[in-house]
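Work the whole structure out from these sequences, hints included.
Chains A and B, in that order, give the protein sequences. Converting from the first sequence to the working numbering requires adding 326 to each position, the first position being numbered 1. Converting from the second sequence to the working numbering requires adding 6 to each position, the first position being numbered 1.
Hints should not be assumed to be uniformly reliable.
In silico EDC-like links for lysine to aspartate or glutamate, alpha-carbon gap of 16 Å or less [stated by the list, open to error]: (1) B:Lys-76 x A:Asp-762; (2) B:Lys-70 x A:Glu-398; (3) B:Lys-70 x A:Glu-421; (4) B:Lys-70 x A:Glu-763.
Pair ranges (Cβ atoms, derived) [stated by the list, open to error]: (5) A:Glu-758 x B:Ile-56: 49 to 59 Å; (6) B:Ala-144 x A:Thr-521: 54 to 64 Å; (7) B:Ala-49 x A:Val-620: 52 to 62 Å.
These aren't lab readings, by the way, just hints derived from the structure by calculation. Idealized CB from N, CA, C, for every residue including glycine.
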Amino acid sequence: MKSHYLAATAAACLTLSMTQGAQAEDLTLCWAAWDPANALVELSKEFEAQSGHKMTFEFVPWTNFADRMLNELNSGGKLCDLMIGDSQWIGAGAESGHYIKLNDFFDANGISMSDFVPATVTGYSEWPKGTPNYWALPAFGDVVGWTYRKDWFARPEIQAAFKEKTGRDLTPPATFAELKEVAEFFQGREIDGKTVYGASIYTERGSEGITMGVMDVLYSFGFKYDNPDKPYDMEGFVNSPGAVEGLEFYKALYDCCTPPGASNSYMGEGIDAYKSGQVALQMNFAFTWPGFEVDPNVGGGKTGYLVNPAGPTGERFAQLGGQGISVVSYSEKQDAALEYIKWFAQPEVQQKWWSMGGFSALRSVVEDPAFAASQPYAQTYLDSMAIVKDFWAEPAYASLLQASQKRFHDYVVAGEGTAKEALDGLVQDWTEVFQDEGKL
Amino acid sequence: MADTPIDRLARATPSSLARRVRGLSDRAIAWVFVTPTILLLLAINIFPLIWTVRLSFTNFAANKPNAEVKWVGLRNYTRILTDPDIWQTMQATAHFLFWTLLFQVVIGFSLAWLINRKFRGNDLLTTLIVLPMMLSPAVVGNFWTFLYEPQIGLFNYAVEFFTGIPASSFSMLGSVTLAPWSIVIADTWMWTPFVMLICLAGLRSIPDYIYEAAEVDRASKWRQFWTMTVPMVLPFLMLAVLFRGIENFKMFDLVVQLTGGGPGSTTLLTSIELKREAFEKWRTGYSSAYAIILFVTVFGLASIYVKALNKVKER
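Rendered as structure tokens:
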């Protein structure tokens with residue numbers, strides 16, 4: 327009996343030591359440097375405690391994120407074991423072999439993509455789009471929406487002035503036309519002795535800013551990337567009359583209602599403009615919203631959250647943000663990296679992720695009856711995620727993005743040419759890219 | 007006789023090696039020393055240049071190492087030279103180059119001329135003037151971004167103070183007409199001290215007795231300046247222009263930080279465009295052709311300029 331006991335103890339110790347030896351990895355997770363990344367560091371401590379792996383994080387500011395991380399992937403770098411890459415990288419990640427395919431892993435571990443919000447699965451995980459080939463687990467749901475100064479909207483003197491000017495009540499804008507009217511009303515107005523402005527919108531030139539902003543508006547004006555029946559046939563879709571009207575609207579909004587000098591604004595500049603009380607309305611990704619709630623200037627009920635307004639025909643879409651988490655194929659610690667994804671996919675971890683400020687994409691979290699009331703922005707987030715569209719996720723995404731950045735900035739900010747010329751030029755640029763890619 | 011290190015080295019050298027070295031000519035020994043440097047230069051300068059030329063005739067994309075590389079002949083070159091966007095970046099670069107050089111030469115030389123006098127605090131003033139060029143371009147870019155801020159920027163307030171134009175009524179970085187000047191101003195602020203230092207070296211190299219002789223001949227200060235000071239400082243000034251010209255032709259960091267190439271493409275300089283083509287769009291073949299065109303342009307202009315510089319020095 328004693329010998330059996332000793333043998334069992336020895337076997338248990340051996341197994342334990344072997345298990346621990348096999349697991350003791352130093353994993354590096356690469357992502358953008360922003361508030362959710364800090365929340366993930368905290369969340370991951372639980373994984374470290376459970377698994378014995380040590381987590382290291384490589385966070386890069388948004389303006390350099392794509393540049394830095396795509397170079398890392400393209401060069402076959404081993405820095406990142408796990409990559410929370412932007413949704414548009416999924417095509418290149420899959421086709422260039424940067425990410426490992428996760429289908430078998432999901433099947434083996436009971437992770438089902440039907441458990442996640444469908445838009446996030448399409449946006450962050452699938453390549454080719456619409457096929458059950460998964461290269462990432464939806465990690466952070468995000469979408470462009472609007473915040474507004476609820477406290478300003480509630481002031482009787484402001485309401486009266488608005489009614490006098492426009493003949494209608496000051497309400498959160500439901501259409502883009504209303505949004506512009508509200509922005510025009512606030513532009514240059516004195517509030518608490520300070521001059522305030524209408525709206526902060528995306529105008530950044532260097533990375534992806536102005537494209538994200540323009541697209542967020544264009545979708546609801548009828549813009550489509552290509553002919554649904556003939557992929558990559560863009561003539562009449564990218565430069566449709568509706569799309570032209572949408573681009574003209576964006577320029578008009580920029581000209582009439584943004585703060586002085588807002589010619590190169592993206593997420594950070596938008597946050598600053600809003601928190602400092604410069605603007606009444608602000609376009610930004612949902613990830614910024616938890617930060618507003620705790621801000622002494624705009625938090626505590628002073629901020630309202632809006633789903634992207636509707637276009638002239640009532641169509642309503644929003645630009646998808648967010649990312650999926652992938653295992654980098656060049657990593658030598660793929661097993662440990664997959665362990666992290668398995669841990670991260672658990673409902674209780676996802677619930678905790680949401681409570682810490684991470685926008686979970688797991689349906690059991692967001693469809694929980696208590697979810698909508700859990701945060702002031704929760705319902706807006708849910709409604710927004712239901713109407714998302716995303717930019718091209720093709721392997722040539724960077725070239726496609728560069729072209730739109732140039733065309734949109736040239737027209738909207740620099741005022742060169744017309745909206746029609748800008749979109750015609752964009753069709754030409756994108757056609758050239760797809761020809762170079764051999765897709766046309 | 008003292009035991010020198012050379013004697014000790016000679017004794018320590020194995021006799022077989024000593025015999026072999028003794029058999030080498032001076033020229034051969036020179037080659038032995040120079041060869042590693044030449045090999046290094048070939049490896050890190052000449053080979054990449056030749057490789058870039060080769061790539062410029064292909065459709066190679068560095069992010070697709072396994073894709074078939076096709077020979078495209080002169081297509082990359084013709085696409086670049088017929089692309090109006092590329093010519094726009096060339097124009098933006100020429101504007102930046104011309105005005106920064108002009109301002110830096112005029113202000114740099116003037117500062118050097120003023121500071122080349124004996125007065126109290128001269129050294130301290132010189133140190134303060136050269137401070138901007140000691141800063142990182144990224145820091146300077148950030149710093150000027152705040153200065154140009156329409157609502158809180160000191161630059162706009164200074165303009166308002168002197169001209170009465172409201173500070174928040176114009177945006178240096180957001181206006182198509184002002185943005186090209188905003189990068190010229192920031193670069194001039196940063197690099198004028200460099201031109202000043204070189205001019206100062208030139209001014210201080212002029213012997214005092216030449217001015218004393220001119221005084222004896224009753225030459226006016228104006229005449230002394232144009233017939234003695236300027237010609238004798240000219241080679242230094244031309245050298246400063248060469249250095250600044252080459253540097254500004256490849257200007258990247260400061261402008262990216264300030265405008266990111268915008269608004270629109272108004273301040274999109276060739277180096278920014280080249281970086282986007284090469285490392286964002288990953289059109290390696292195309293960007294290689296672009297780099298070769300820029301290289302030939304700079305090399306050609308610099309060669310002509312150096313010849314002119316040598317002629318000035320010979321006078």
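Comparing the hints with the structure gives:
{"no.": "1", "hint": "B:Lys-76 x A:Asp-762", "verdict": "12 Å, holds"}
{"no.": "2", "hint": "B:Lys-70 x A:Glu-398", "verdict": "13 Å, holds"}
{"no.": "3", "hint": "B:Lys-70 x A:Glu-421", "verdict": "10 Å, holds"}
{"no.": "4", "hint": "B:Lys-70 x A:Glu-763", "verdict": "11 Å, holds"}
{"no.": "5", "hint": "A:Glu-758 x B:Ile-56: 49 to 59 Å", "verdict": "29 Å, violated"}
{"no.": "6", "hint": "B:Ala-144 x A:Thr-521: 54 to 64 Å", "verdict": "31 Å, violated"}
{"no.": "7", "hint": "B:Ala-49 x A:Val-620: 52 to 62 Å", "verdict": "56 Å, holds"}
Checked against the numbered hints given earlier, this structure breaks hints 5 and 6; the rest are met.
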